[in-house]
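Q: Sequence:
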Amino acid sequence: MNMTMTHYMELLATNQPWNLILFMAIPVILAETIAITELAILFTRNLNGSLRAVNKITSILVGLYFTGVFIYLFINAVIPITTAEEWRGLTDILAVGLYLSGIVPLLGMALLDMNLIWKNKSAEQKLKIHATFVGIFLVVSHIAMILGMLEPTFGAGANHMMNM
1 MNMTMTHYME LLATNQPWNL ILFMAIPVIL AETIAITELA ILFTRNLNGS LRAVNKITSI
61 LVGLYFTGVF IYLFINAVIP ITTAEEWRGL TDILAVGLYL SGIVPLLGMA LLDMNLIWKN
121 KSAEQKLKIH ATFVGIFLVV SHIAMILGML EPTFGAGANH MMNM
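Sequence positions in the sequence shown follow the numbering used here and run 1 to 164.
What the hints contain is simulated information worked out from the structure, not anything from laboratory work. Owing to the predicted nature of the structure, the values given are computational and were not obtained by experimental measurement. Here a beta-carbon is modelled for each residue, glycine too, at the ideal position from N, C-alpha and C. Some hints could be false.
As the list claims (entries may be wrong) - The list that follows gives simulated cross-link-like pairs (lysine-lysine, PhoX-like), each with its CA atoms no further than 25 Å apart:
| hint | residue 1 | residue 2 |
| --- | --- | --- |
| 1 | K128 | K56 |
| 2 | K56 | K119 |
| 3 | K126 | K56 |
| 4 | K56 | K121 |
As the list claims (entries may be wrong) - Label pairs and their computed distance ranges (CB to CB):
| hint | residue 1 | residue 2 | range |
| --- | --- | --- | --- |
| 5 | L20 | R45 | 16 to 26 Å |
| 6 | E32 | K119 | 23 to 33 Å |
| 7 | T44 | M3 | 38 to 48 Å |
| 8 | V139 | T14 | 25 to 35 Å |
| 9 | G135 | E10 | 41 to 51 Å |
| 10 | P80 | A53 | 39 to 49 Å |
Please model the complete structure; the sequences and the hints are all you need to start from.
A: Listed below in structure tokens is the structure:
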């Protein structure tokens, strides 16, 4: 059986192990660090401790890092694939699109922690917004991973290839 990969999975499989590290491991490890420290902060309500410092630094770091990833992949993958009409199906588009949509919560956390957005919110309100961003990122990134592992034309019929 010869299965075509989504562009998402192809990206991770190419240039091993570097693409996997750069596009998956670094963002996910940083996001999981945020999620773990976020839970501890939510349970303890210690908004000024060392866990909050780790959480804040990691949030800023991953937000800025993923902004670079987003720009790089948009210029070097999304635009060329779209221009050449080389999308492999709806699943392919959704996998890449959901992966890249991680920019919204990740950059949102960074901007929040750099005090560039929602400056007038209380610490408690910012904690709720931050936790919401963490949740959104975990949902979209995991759905992107699942879709990325599917055959790109899944659900489109046996011989249907989608052109954009």
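Q: Does the Cβ distance between T44 and M3 fall inside 38 to 48 Å?
A: At roughly 47 Å between Cβ atoms, M3 and T44 fall inside 38 to 48 Å, so the hint holds.
Q: Check the hint pairing K126 with K56 against an upper bound of 25 Å on the C-alpha distance.
A: Holds, because 12 Å separates the two Cα atoms, which is no more than 25 Å.
Q: Using the Cβ atoms, figure out if V139 sits within 25 to 35 Å of T14.
A: holds, 26 Å
Q: Can you let me know if the beta-carbon spacing of E32 and K119 is within 23 to 33 Å?
A: holds, 28 Å
Q: Hinted pair, alpha-carbon criterion (25 Å max): K56, K121. Please report holds or violated.
A: Satisfied, since the Cα-Cα distance of roughly 16 Å is no more than 25 Å.
Q: G135 and E10, beta-carbon distance inside 41 to 51 Å?
A: violated, 28 Å
Q: Within a Cα-Cα threshold of 25 Å, do K56 and K119 meet the stated pairing?
A: holds, 15 Å
Q: Using the Cβ atoms, figure out if P80 sits within 39 to 49 Å of A53.
A: Distance hint for P80, A53 holds at roughly 40 Å.
Q: Is the hinted pair K128 and K56 satisfied, with a Cα-Cα distance of at most 25 Å?
A: holds, 14 Å
Q: Taking the CB of L20 and the CB of R45, does the distance hold inside 16 to 26 Å?
A: violated, 37 Å
Hint compliance for this structure: hints 5, 9 are not met, and every other hint is.
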